[in-house]
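Could you put together the complete structure from these sequences and hints?
Protein chains in written order, with our numbering: chain A, 1 to 327; chain B, 1 to 90.
Do not take every clue at face value.
Said to hold, decoys possible - Listed below are several chain A residues computed to face chain B (Cβ distance under 10 Å; list not exhaustive):
1) Pro122
2) Leu128
3) Ser136
Stated by the list, open to error - Far from chain B, by Cβ distances over 12 Å, these chain A residues were calculated:
4) Pro182
5) Gly277
6) Ile284
Unchecked claim - To spell it out: a stretch of chain B is covered by chain A in this simulated footprint if at least three of its residues, at any positions, have a beta carbon under 8 Å from a beta carbon of chain A; those stretches are:
7) 9-18
8) 60-67
Hints listed in this document are in silico derivations from the structure and should not be mistaken for laboratory results. Just so you know, even glycine gets a beta-carbon here, dropped at the ideal spot from N, CA and C.
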Amino acid sequence: MKGIVDRIIADRMIFLSVLFVLFFIVLSVFVRDFFTLYNLTNMTQYAVELGLLALAETFVILSGGGGIDLSVGAMMSLSAMLIGVLIGRAGVNQAVAIPAGLAAGFIMGLLNGILVAYTLIPALIVTLATQYIYSSLALLIAVDPRFGPNPMPVSNFNDAFYFVGQFRIFEIPFQVLCIFIPIVIILLLFLNRTSFGRRLYGVGSNETAALFSGINVKRTRVWVYTLAGLLSAFSGWIITSRVASARPDIGLSYLLEAITIAVLGGVSIKGGEGTIGGVVLALIIITMLYNGMDLQGIQPIWQLGILGLILIGAVLLNTALIARRKI
Amino acid sequence: MGLELEVIAAVVLGGTSIMGGKGTLIGSFLGAALLGIVQNGMVLLNIPALTEGLVTGLLIIVSVLIDIMRARGYRDSTARTIGSLGGGSQ
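If you want it as structure tokens, here you go:
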């Protein structure tokens, strides 16, 4: 018995898989309507936006040096708002507006990366500051002079725009099948099969050693933050399409959840340690819990508390058992 | 998002190092006061409230940059002093 428990704890992936199966069975048995095809596929729709931000956070934290990105939610909002304003107010074709929104995310991330890598300001402070700046810009471009000085959401899109967020292929949401899964596969290959991925782990686990191995630590960090910006912009585009409305505060609530998922997925906050598989599993677990609590009619106020308790419980269990294993 | 990020901003503006080991209570108080005064002043000057984040963000970056440049100047001068005393580099 002890052998099995130890093996479960030793491998984060197995630990999360066990947790996943456990929650899945409990929710399927006790929550009505949880185990239906519609609910299970519908749930994945909500996971995409959060998942992209969690992946962005994963890369940034992996790069080490106190890396963290507090601005992912703000970059998501600004990209979403830019796409919304371009299509809904300026009447730009979406084939131009969406790449423009994604490019905006790229540039915002690049700016974060340059500030973090080249000015030596800690990432926490840089992204805290840019988080303020990007949110403020999102509010500013949301102002429609025709309707007074207040920021307004944009929601007059044409039907073609809703395709990405609302269309389903064989009951599976389009954005899961054609955006999220390809992105996860690309990032997996990127991290495990390219020299950039190996360099990233090197930079994250030991910056000095990486430097002496001839790795350009600064440039690696710049690209990591740029990737985070791009992923946030994707997230902003997809949520705008799904909820059919671009709001300047759309990404605010996602920030801490994204960091939580990355950490629960086994990404070490010190950098250099963590896998995409773990983060995706953590994402599925958290989404399932939210969904189960929603279906059970638990108040959102309690949901946050319960989520916090479960997270602390999971991490405590993990560290306690690891400590026991070492004795 | 509540006040947690604004609190960090105030403390950072007050000169506390995010790496730990440097910072004062008075500094944090002044940081919080600065943010409050800037926000209030922007209202009184009729600057649109939406630009508040823009100003706060730039304020943080500029103040921390100045702090880092000052610290770097100090470190360099220390290194020079040690060097001139024959203590080798850094």
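Taking each numbered hint in turn, which are not upheld by the structure, reported in ascending numerical order? none
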